[in-house]
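**Student:** For reference, the chains in residue letters:
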Amino acid sequence: GAVVSQHPSWVICKSGTSVKIECRSLDFQATTMFWYRQFPKQSLMLMATSNEGSKATYEQGVEKDKFLINHASLTLSTLTVTSAHPEDSSFYICSARVPGRGEAFFGQGTRLTVV
Amino acid sequence: AQSVTQPDIHITVSEGASLELRCNYSYGATPYLFWYVQSPGQGLQLLLKYFSGDTLVQGIKGFEAEFKRSQSSFNLRKPSVHWSDAAEYFCAVGDSIQGAQKLVFGQGTRLTINP
Chain A
1034 GAVVSQHPSW VICKSGTSVK IECRSLDFQA TTMFWYRQFP KQSLMLMATS
1084 NEGSKATYEQ GVEKDKFLIN HASLTLSTLT VTSAHPEDSS FYICSARVPG
1134 RGEAFFGQGT RLTVV
Chain B
4 AQSVTQPDIH ITVSEGASLE LRCNYSYGAT PYLFWYVQSP GQGLQLLLKY
54 FSGDTLVQGI KGFEAEFKRS QSSFNLRKPS VHWSDAAEYF CAVGDSIQGA
104 QKLVFGQGTR LTINP
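For the record, the sequence lines run as chains A and B.
Sequential numbering from 1034 applies to the first sequence in the working numbering.
Sequential numbering from 4 applies to the second sequence in the working numbering.
Everything labelled a hint here was simulated from the structure, so no lab data went into it.
All values derive from a computational prediction rather than experimental measurement.
Wrong hints could be hidden among the right ones.
BS3-like, lysine-lysine: derived pairs with alpha carbons at most 30 Å apart [stated by the list, open to error]:
hint, chain 1, residue 1, chain 2, residue 2
1, A, 1074, A, 1047
2, A, 1088, B, 64
3, A, 1088, A, 1099
4, A, 1074, B, 64
5, A, 1074, B, 105
6, A, 1097, A, 1047
7, A, 1074, A, 1097
8, A, 1074, A, 1099
9, A, 1074, A, 1053
10, A, 1053, A, 1097
11, A, 1099, B, 105
12, B, 64, B, 105
13, A, 1053, B, 105
14, A, 1099, A, 1047
15, B, 64, A, 1097
16, A, 1053, A, 1088
17, B, 71, B, 105
18, A, 1088, A, 1047
19, A, 1088, B, 105
20, A, 1053, A, 1099
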């Protein structure tokens, strides 16, 4: 159990377009999910905390209007990169915690390339 | 604020040799500590965690880690590495085991295995 699925695994888009990334908890309900960004050969940086039924909480320096997060159900959070530019190219990873358990489970990540 | 330091960016060991990856944390209260492994282009897989109790914790794939409060360390060890252990390893600290839990990651240690 405790599987987090992310889709798509990779995406290429044109500069100026928007891209939506989905994060699903397949066998548990997650009231909170997290979105991370990872640059090549670097660590994970928390972008935002996604809260079911309410607004996401963004970390300092993350543009909330560029990185739109929606957590409409207990099993799905989406990250939309709006008006993408090449500098938004990165590896995006989501995670969720199983209620009552301490560890977080991660999706497989999405490689976004903006051309 | 929490912080995690992994002093070694890259480590190379021979297959069959022992391994120790270092992790130091900074946190004012009881830390909740994790080790994750990431294969190229993939998400993170939990190796082991420490919340309380026995300071030597066993994880998957033959890994173990020892929590040393006096040294603020949580080093990861394996007695004999396999070629499949080549990956990126991340140490992380969380601020709680209940509710929404943010994780702060170290910079990561890239492990290369020589045949």
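**Student:** Now look at each hint and say whether the structure bears it out.
**Tutor:** Going down the list of hints, with the structure as the test:
1. 1074/A <-> 1047/A: holds (24 Å)
2. 1088/A <-> 64/B: violated (39 Å)
3. 1088/A <-> 1099/A: Between residue 1088/A and residue 1099/A the Cα gap is close to 15 Å, so the pair holds against 30 Å.
4. 1074/A <-> 64/B: Given pair residue 1074/A, residue 64/B holds - Cα atoms ~23 Å apart, limit 30 Å.
5. 1074/A <-> 105/B: holds (21 Å)
6. 1097/A <-> 1047/A: holds (21 Å)
7. 1074/A <-> 1097/A: With Cα atoms ~25 Å apart, residue 1074/A and residue 1097/A stay inside 30 Å; holds.
8. 1074/A <-> 1099/A: This hinted pair holds, its Cα atoms lying about 24 Å apart.
9. 1074/A <-> 1053/A: Satisfied, since the Cα-Cα distance of roughly 24 Å is no more than 30 Å.
10. 1053/A <-> 1097/A: Distance of about 14 Å is within 30 Å: holds.
11. 1099/A <-> 105/B: Given pair residue 1099/A, residue 105/B holds - Cα atoms ~22 Å apart, limit 30 Å.
12. 64/B <-> 105/B: Cα-Cα ~26 Å, so holds.
13. 1053/A <-> 105/B: Satisfied, since the Cα-Cα distance of roughly 23 Å is no more than 30 Å.
14. 1099/A <-> 1047/A: Distance ~15 Å between residue 1099/A and residue 1047/A Cα, so the pair holds.
15. 64/B <-> 1097/A: violated (39 Å)
16. 1053/A <-> 1088/A: holds (17 Å)
17. 71/B <-> 105/B: It holds: about 22 Å lies between the C-alpha atoms, which stays within 30 Å.
18. 1088/A <-> 1047/A: The given pair, whose Cα atoms are some 28 Å apart, holds under the 30 Å limit.
19. 1088/A <-> 105/B: holds (17 Å)
20. 1053/A <-> 1099/A: holds (12 Å)
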